[in-house]
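Asker: Chain by chain, the residues:
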Amino acid sequence: GQTPPGRPVITECRSPEKETFTCWWVPGSSGGLTTKYSLHYKIDGSQENYECPDYKTGGQNSCYFNKSYTSVWNTYTITVIATNNLGSNISEPLYVDVAYIVQPHQPENITAEFTTLDQKPYLMVKWDPPKKADTKSGWMTLQYELRIKPEKGLIWENHFAGNQKQFNIYSLIPGEVYLVEVHCKPDHGYWSEWSHTTYVQIPHYMRVRD
Amino acid sequence: GQTPPGRPVITECRSPEKETFTCWWVPGSSGGLTTKYSLHYKIDGSQENYECPDYKTGGQNSCYFNKSYTSVWNTYTITVIATNNLGSNISEPLYVDVAYIVQPHQPENITAEFTTLDQKPYLMVKWDPPKKADTKSGWMTLQYELRIKPEKGLIWENHFAGNQKQFNIYSLIPGEVYLVEVHCKPDHGYWSEWSHTTYVQIPHYMRVRD
Amino acid sequence: QPLCGAGSCQPILVTDLLDRAAKVSHRLHALSTAASNDLNNHFAPALKLVMMRPLSLCHTSSLNTPEDKEQVLQLSQEDLLTMVALLLKSWGTPLLYLVKEAQELPHPANDALLWKMAELSQQTENLARGIDKILNKLDPTGFHSFSTDLISPWSGGPGLEMGSDKKSHLLNFHFLLSCFRRDSNKIDSFVKLLRCRAT
Numbered sequence: 001g002q003t004p005p006g007r008p009v010i011t012e013c014r015s016p017e018k019e020t021f022t023c024w025w026v027p028g029s030s031g032g033l034t035t036k037y038s039l040h041y042k043i044d045g046s047q048e049n050y051e052c053p054d055y056k057t058g059g060q061n062s063c064y065f066n067k068s069y070t071s072v073w074n075t076y077t078i079t080v081i082a083t084n085n086l087g088s089n090i091s092e093p094l095y096v097d098v099a100y101i102v103q104p105h106q107p108e109n110i111t112a113e114f115t116t117l118d119q120k121p122y123l124m125v126k127w128d129p130p131k132k133a134d135t136k137s138g139w140m141t142l143q144y145e146l147r148i149k150p151e152k153g154l155i156w157e158n159h160f161a162g163n164q165k166q167f168n169i170y171s172l173i174p175g176e177v178y179l180v181e182v183h184c185k186p187d188h189g190y191w192s193e194w195s196h197t198t199y200v201q202i203p204h205y206m207r208v209r210d
Numbered sequence: 211g212q213t214p215p216g217r218p219v220i221t222e223c224r225s226p227e228k229e230t231f232t233c234w235w236v237p238g239s240s241g242g243l244t245t246k247y248s249l250h251y252k253i254d255g256s257q258e259n260y261e262c263p264d265y266k267t268g269g270q271n272s273c274y275f276n277k278s279y280t281s282v283w284n285t286y287t288i289t290v291i292a293t294n295n296l297g298s299n300i301s302e303p304l305y306v307d308v309a310y311i312v313q314p315h316q317p318e319n320i321t322a323e324f325t326t327l328d329q330k331p332y333l334m335v336k337w338d339p340p341k342k343a344d345t346k347s348g349w350m351t352l353q354y355e356l357r358i359k360p361e362k363g364l365i366w367e368n369h370f371a372g373n374q375k376q377f378n379i380y381s382l383i384p385g386e387v388y389l390v391e392v393h394c395k396p397d398h399g400y401w402s403e404w405s406h407t408t409y410v411q412i413p414h415y416m417r418v419r420d
Numbered sequence: 421q422p423l424c425g426a427g428s429c430q431p432i433l434v435t436d437l438l439d440r441a442a443k444v445s446h447r448l449h450a451l452s453t454a455a456s457n458d459l460n461n462h463f464a465p466a467l468k469l470v471m472m473r474p475l476s477l478c479h480t481s482s483l484n485t486p487e488d489k490e491q492v493l494q495l496s497q498e499d500l501l502t503m504v505a506l507l508l509k510s511w512g513t514p515l516l517y518l519v520k521e522a523q524e525l526p527h528p529a530n531d532a533l534l535w536k537m538a539e540l541s542q543q544t545e546n547l548a549r550g551i552d553k554i555l556n557k558l559d560p561t562g563f564h565s566f567s568t569d570l571i572s573p574w575s576g577g578p579g580l581e582m583g584s585d586k587k588s589h590l591l592n593f594h595f596l597l598s599c600f601r602r603d604s605n606k607i608d609s610f611v612k613l614l615r616c617r618a619t
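Residue numbers (my numbering), protein chains in the order written: chain A, 1 to 210; chain B, 211 to 420; chain C, 421 to 619.
Because the hints were derived from the structure by calculation, they are not lab data.
Because the structure is a prediction, the values reported are computed rather than measured.
Positions of the beta carbon are idealized from the N, C-alpha and C atoms, including for glycine.
Any given hint could turn out to be false.
One-sided and incomplete, this derived list gives chain B residues near chain C with beta-carbon spacing under 10 Å [unchecked claim]:
#1 Lys228
#2 Glu229
#3 Thr280
#4 Tyr310
#5 Ile311
#6 Thr345
#7 Thr351
#8 His398
Please construct the entire structure, taking both the sequences and the accompanying hints into account.
Answerer: Here it is, written out as structure tokens:
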């Protein structure tokens, strides 16, 4: 039979560059009726209640806060309400400080160049930070991690690169094709997705004793 | 034959710590006569003309402004006049705001220590800010950049360290000797010279899969 | 440590707010410098000389701000914050004017300038909100509420007999941007000093 809606759950809120952010939720049961969802938020514990400024930009079941709605000076208490003809149901509140929900976009322009130094062969991998993240002015500081594996290999080999935007990799198998990917993370926040894969062919070089 | 002096040119003005500053000039032709140089300045819109307070401290063809003659966020209009028995010649004016001419001295006490964390080998480089720059009170905020290269290598690898006074470098060649140098710049100013070189020998460590 | 857990958010600490403010103020000055470079890159040397009008004519020069390290270090945290808040508030209207002017500025880089002016206007407002938040945290009684008549209101122009020809628009734009660039350097310096004191 028809019932009031189930309880929606706010799954996560993320900001790609600490200037805007988006929250997503998962609906509960619809109770067999048309159910409407609305997101509401309070700022810093004040009792004033605001509604989501933009339900579209972030896609379905989402709320997007653009620059003018995003403040790093305040914390947000966010809830989602499901409503149908028989009643409504409110989610658990999610508490958000935008500075701590940053998940950047992937690094860009990954290049991998095989070179030697002192007859020692190595692969020099370089990349750029994601365009949207303002790292130049220090607004965001990113750390990077790189992973590499032979084309037919199963296991990735991960290398933490700290704040570097380049990394040298040694002891690669001559003649092998390798896949290289990089992802990044702000000081407080979440790892980005892995970048697009860069393929690099290691030449048949003569391995020289280290 | 003998002529009035050529036109002097003010080459640059620099402040090492946003508290004092020095200007240098290059004489024009002396016209074959003994030529005297004097530096004059006005401050932001007042018509009062002052002469250089100290022609000695900054060395030849220079003028040094100590703390009591230095004010930030004011525009100094600076000119140099060359005079000999047959006449005088005045340089183009140089407009200077001390806030924008800061070039600190090099960073000091660079140390490089090879260490491992969770079996991951890396080089931990540390340094101190230049003594003269008051970073403790926050009057100056410095950014750092480090460069490293193998002793026999040709190309420096640069790493921007932001405001950190330490930087970890991964992916170094075991057994290699590396050269490390650091320089710094105020948030809105000029890079210092590179520091003295620090040499560090990377041990023959066993490279462990991450 | 994230401030927001399952149950609630702890209030953002003043030290954290000041760190965030310092990042915004840094950006603000870097952006105003970039805009000044955009503007200056396309001027004939002769015009540049005409542009060197004394910044003592800036509308904010009536505010007695410190001019060296000793003077700044003598100011209390509230005084410095109030000064920053005053400077930021005094630029609200003039920045909107620069945004409008940038749209029709007879300058090859006016698209880039327009974006930068809009960003400057938004970031200045953003930083003003942050500084207000910090002031309220430090002084909830609101005694700090200052009167903005410490700064002569911006009169829509630098007090010169401005014509409405192209060159005048450029000179007026350049002069106002130079004033803002200097003030944003002061703001950046004061906020970073406050951040340092707070940690």
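Asker: Could you check if threonine 345 (chain B) really has its C-beta closer than 10 Å to a C-beta on chain C?
Answerer: 8 Å, holds
Asker: Does the closest beta carbon of chain C sit nearer than 10 Å to the beta carbon of threonine 280 (chain B)?
Answerer: 7 Å, holds
Asker: Per the CB criterion, is threonine 351 (chain B) less than 10 Å away from chain C?
Answerer: 5 Å, holds
Asker: Quick check on the hint: glutamate 229 (chain B) CB to chain C CB, less than 10 Å?
Answerer: 6 Å, holds
Asker: Any CB of chain C closer than 10 Å to the CB of histidine 398 (chain B)?
Answerer: Nearest chain C Cβ about 6 Å off; hint holds.
Asker: Tell me if the interface restraint on tyrosine 310 (chain B) is satisfied: Cβ within less than 10 Å of some Cβ in chain C.
Answerer: 8 Å, holds
Asker: Against chain C, with CB atoms and a cut of 10 Å, does the hint on isoleucine 311 (chain B) hold up?
Answerer: 12 Å, violated
Asker: Classify the hint on lysine 228 (chain B) as holds or violated, based on whether any CB of chain C lies nearer than 10 Å to its CB.
Answerer: 7 Å, holds
The structure is inconsistent with hint 5 alone, although it conforms to all the rest.
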